[in-house]
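Novice: Sequence:
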Amino acid sequence: MPYEWLPWLSARLAEVGLTADEVVEALESRYRWPRMSTSKTGLRVLQVWARTRDGKPIIVALRELGALDWQIIGAKPMTESQDIADFEEWESR
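With UniProt numbering, letter number 57 in the sequence shown gets 57, and the count goes up by one each step, no holes.
Wrong hints could be hidden among the right ones.
[Unchecked claim] Here are the simulated SDA-like pairs of lysine to any residue, each with C-alpha atoms no more than 25 Å apart in a straight line: (1) K56 / A20; (2) K76 / L9; (3) K76 / E25; (4) K56 / A85; (5) K40 / S92; (6) K40 / R93; (7) K40 / W5; (8) K76 / G55; (9) K40 / P7; (10) K56 / R30; (11) K40 / E64; (12) K76 / W8.
In case anyone wonders, no lab produced these hints; they're calculated from the structure.
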C-alpha cells in the first residue's frame, strides 16, 4: 500500500520524538489496530495503533487518497494511559 508523506511532516515528527522510520515500522508491523475516527475539522481519518520494532506504542493518522493510496497526516507516541491500556488489551486477544 503506497503512502504519501506531507512535506512538513518530518519536522513535526521530530517535535514529538518520532522518526519517519518509526512511522514506517508501525505501518508495516504485523500487529496493527486500525481505528476509524473523525478529526476536529470533520475529516475522516484512519488511525493505526501499533508498535515500532523497539516496542514503542505509536498512533499514525492516515487520510485515504484513493482505493489503495493513503496520506500520512500525523503520528504521535501513545502517551495517554487509557490509550495504552486499551491497546494492550487489544494486543492480548
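Novice: Run every hint past the structure and note whether it holds.
Specialist: Status of each hint after checking the structure:
For the hint pairing K56 with A20, the CA-to-CA distance comes to about 14 Å; that is within 25 Å, so the pair holds. Between K76 and L9 the CA atoms are separated by roughly 11 Å; this keeps the pair inside 25 Å, and the hint holds. About 13 Å separates the Cα atoms of K76 and E25, which keeps this hinted pair within 25 Å; it holds. Note on K56 and A85: the hinted pairing holds, with a Cα-Cα distance of about 14 Å set against a maximum of 25 Å.
At roughly 30 Å between alpha-carbon atoms, K40 and S92 are farther apart than 25 Å, so this suggested pair is violated. Of the pairs offered as hints, the one joining K40 and R93 is violated, with about 31 Å between alpha carbons and a cut-off of 25 Å exceeded. In summary, the hint linking K40 to W5 is supported, as the alpha carbons are separated by about 21 Å, within the 25 Å threshold. Between the alpha carbons of K76 and G55 the distance comes to roughly 14 Å, so the proposed pair stays at or under 25 Å and holds.
About 22 Å separates the Cα atoms of K40 and P7, which keeps this hinted pair within 25 Å; it holds. A hinted pair counts as satisfied when its Cα atoms are at most 25 Å apart, and K56 with R30 qualifies at roughly 14 Å. For the hint pairing K40 with E64, the CA-to-CA distance comes to about 17 Å; that is within 25 Å, so the pair holds. With a CA separation close to 15 Å, the supplied pair K76 and W8 stays within the 25 Å bound.
Of the numbered hints given earlier, the model fails hints 5 and 6; all others are met.
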